[in-house]
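S.K.: The lines below spell out each chain.
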Amino acid sequence: MKTIELKTILFSMLTIVFFAVNAVAQEAEKTNVTDSNAKGNNTAMSAKTDAGTATAANATVAERLEALQAKVEAQEEQIKTLSQQQQMAKEDRDDLSMQVMEANAAAADEKFTISGFLDLSHTASFAKYDDAITYYYQPKYNSFYQTGVNLYLKSQMTETLSALVETRFSYSPNGNITNKSQVTRVDGVETARTGDPDPNKGFERTDTYAKYQFEGGTRLGGVNIERAHLDWKPRDWFGIRAGRYLTPFGIWNEDHGSPVVLTVALPFLISWDVVPTAQTGLMVFGSIFPTDLLKLEYAVTLSNGRGPTENFFDTDHNKAIGLRTKIQVAGEDWLISLGGYGYYGKYTDIETEMITEYRIDETGTQVLDDVNYDLAQRSNDVITDKHKEYIGTVDLKLNWKGLTLFGEAGARKSEYLVRPETVSYGTTIWAADFITNSAYGMLAYQLPLEKVFDTLTITPFVGVDYLDLSDANDTSKFGIYRFGINIKPSPYVTLKANAYRVDSLGEGVDEKTWFVKSQVAVSF
Amino acid sequence: MLKLLKSKKIVVMFTAFLLLFSLVPAQAESTDDLVVIANKRFSADNLSLTEVKRIFKKEITNFHGTRVKPIHARDGNALRQQFVNKVLGMNPSAEKKYWQEMMVKKGMNPPSELTNTVRGVFSTPGAISYCFRKDFNPTTSKIVLSL
Chain A
85 MKTIELKTIL FSMLTIVFFA VNAVAQEAEK TNVTDSNAKG NNTAMSAKTD AGTATAANAT
145 VAERLEALQA KVEAQEEQIK TLSQQQQMAK EDRDDLSMQV MEANAAAADE KFTISGFLDL
205 SHTASFAKYD DAITYYYQPK YNSFYQTGVN LYLKSQMTET LSALVETRFS YSPNGNITNK
265 SQVTRVDGVE TARTGDPDPN KGFERTDTYA KYQFEGGTRL GGVNIERAHL DWKPRDWFGI
325 RAGRYLTPFG IWNEDHGSPV VLTVALPFLI SWDVVPTAQT GLMVFGSIFP TDLLKLEYAV
385 TLSNGRGPTE NFFDTDHNKA IGLRTKIQVA GEDWLISLGG YGYYGKYTDI ETEMITEYRI
445 DETGTQVLDD VNYDLAQRSN DVITDKHKEY IGTVDLKLNW KGLTLFGEAG ARKSEYLVRP
505 ETVSYGTTIW AADFITNSAY GMLAYQLPLE KVFDTLTITP FVGVDYLDLS DANDTSKFGI
565 YRFGINIKPS PYVTLKANAY RVDSLGEGVD EKTWFVKSQV AVSF
Chain B
140 MLKLLKSKKI VVMFTAFLLL FSLVPAQAES TDDLVVIANK RFSADNLSLT EVKRIFKKEI
200 TNFHGTRVKP IHARDGNALR QQFVNKVLGM NPSAEKKYWQ EMMVKKGMNP PSELTNTVRG
260 VFSTPGAISY CFRKDFNPTT SKIVLSL
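Chains as they are written, first to last, in this note's numbering: chain A, 85 to 608; chain B, 140 to 286.
Just so you know, the hints here were simulated from the structure itself, not pulled from any lab data. Among the hints, a few may not be true.
List time: in silico BS3-like cross-link candidates among lysine-lysine, alpha-carbon distance up to 30 Å [what the hints assert, rightly or not]:
hint	chain 1	residue 1	chain 2	residue 2
1	B	K196	A	K195
2	A	K195	B	K235
3	A	K317	B	K196
4	B	K197	A	K410
5	B	K192	A	K535
6	A	K317	B	K197
7	B	K196	A	K238
8	B	K245	A	K195
9	B	K244	A	K497
10	B	K192	A	K317
11	B	K235	A	K485
12	B	K273	A	K174
13	A	K317	B	K281
14	B	K196	A	K481
15	A	K264	A	K561
16	B	K192	A	K195
17	A	K317	B	K244
18	A	K481	B	K197
19	B	K197	A	K379
20	A	K317	B	K235
21	B	K244	A	K481
22	A	K485	B	K192
23	A	K195	B	K281
24	B	K245	B	K225
25	A	K379	B	K281
26	A	K535	B	K196
27	A	K481	B	K245
28	A	K379	B	K235
29	A	K195	B	K244
30	B	K244	A	K379
31	B	K225	A	K535
Between beta-carbon pairs, the in silico distance windows are [what the hints assert, rightly or not]:
hint	chain 1	residue 1	chain 2	residue 2	range
32	A	Y382	B	N185	22 to 32 Å
33	B	A217	A	T231	37 to 47 Å
34	A	Q162	B	N224	48 to 58 Å
Even for Gly, the Cβ is constructed at its ideal location relative to N, Cα and C.
Build out the structure end to end from the sequences listed, making use of the hints.
M.R.: Structural data, given as structure tokens:
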């Protein structure tokens, strides 16, 4: 048993040794193969080197060229990138410059602007009688006419200070009729001939023709300052205006420009100056928005009031005062606006004269009388007309989806303190106190064309107008019925065509005269 | 089991709600949306649509003692057209007509126009303008109203 075990162990040991020796031998063989390969390669290399010494130099140049080529390409790429970056930087700089220029231009726009409007109108009349009394007040002959060119200069000097000047360049006073004749007949016989407004003068019309120095000539026009004022407005609810300003009453007077107002002819309330359309003095004004829908406006006016020279100086110590209030409620597509204006002032006309007091002294010489008078030479104002003016107006505007109903009514009471007197054929007539009433109403509908035409708006309208110039005179009552169309082919151009009938409503002057007026008005 | 089912339903509904809810602001704050922006030093942080409308119609010219300067994008710009339509409720032609009328009535001028309203607001004290949300830069201006 022991022998068998020993044999087995021995056999196992021999087997292990055999495999070990075999493994070592195989490893040794592998190492020999690698070494011989390496040797072979080295031999080949050295063989190549030895064999191609001449071509080695060429190979180096090619490599260098290749490297150089790559370097050039890299540099070109770099230059291209830099160039693009430079271009972008330039564009950015140009953009920035443009922005600065734009910002400056915008600031300049905000600071000072010039704008304006002009118009050309045509009138034609159709009266039953060619000598209708209407023609005493309204133009008789078919005619083109141009009322003038309005120019606006606006400047925003500081955050709170701004100025606005609106001038009208007109052909006036050329052709202005300063006095009309009034003839009274009894049984076909002339009993009186006076003038209006000067009873002692006949017909007078201003002619401004001026001859040039060498040849030809021209008719001179005039410049009317419609408004010129400075505004200081630290808050929306409080601002002070100083200068000549449009009286803040009603709708039409503030709209006032032909491109904005609906009709060609003005309503009586404006054309007959029932309320002074502009005043010179101070105005405090403002507006607040208590809610999203509500807007409240106010204005308090203090001015020279009305007078023969009120736009640049007053002829009495009294100042006219006025109060404007307006409430406006507006939604998405509707608006209700109600306003009122009250005014009180005195109209005074004077003729200033110089009085020099003399006396005869002891020597019989005429000398200045400084004995009986503190002032031997002094001035004296002779008041030729002085009357109080009480004025009240209301205005209403309703708008709903392009349908607009608006109107104004005004009344003026003139109460004389010094009555102007007129003498005709030896008879002295004193002016009587009187009340002037006027009102108009308009209904307009802007056709819903915005989906069809981008810029075109067409607004047909109808309206009525009434004037009673004086309750002391039965012949000065007029009514107007009007209809027409207002077309805006662009925001800058307005075309109008109106027809209206003027009815003389006074006692004994039952007349109806049709007028057709058209106009093109341009704002710029 | 019923309780578990119910709670699962609740979880599903809640998840769906959350998903929907998360979608709503994403839609409201699309990058194509308009935002009304103001100069960083503008006295108000929020304005109502009516206030913006009144500012761009120059009915409001002063805000807490500071003069407000509305700045429009250039005429014909899509951004401006959207703004005029959404805020003023007009088409561009009606807006021009409005300003021509304001010029005649009150001598007023329309707001200034700039190509880049964002830069204009940045460099102008009291300025108010608008831009697409994607163009808004919080370092140069602030949003006072999202449209």
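S.K.: So, against the hints stated earlier in the document, which numbers end up violated here?
M.R.: none
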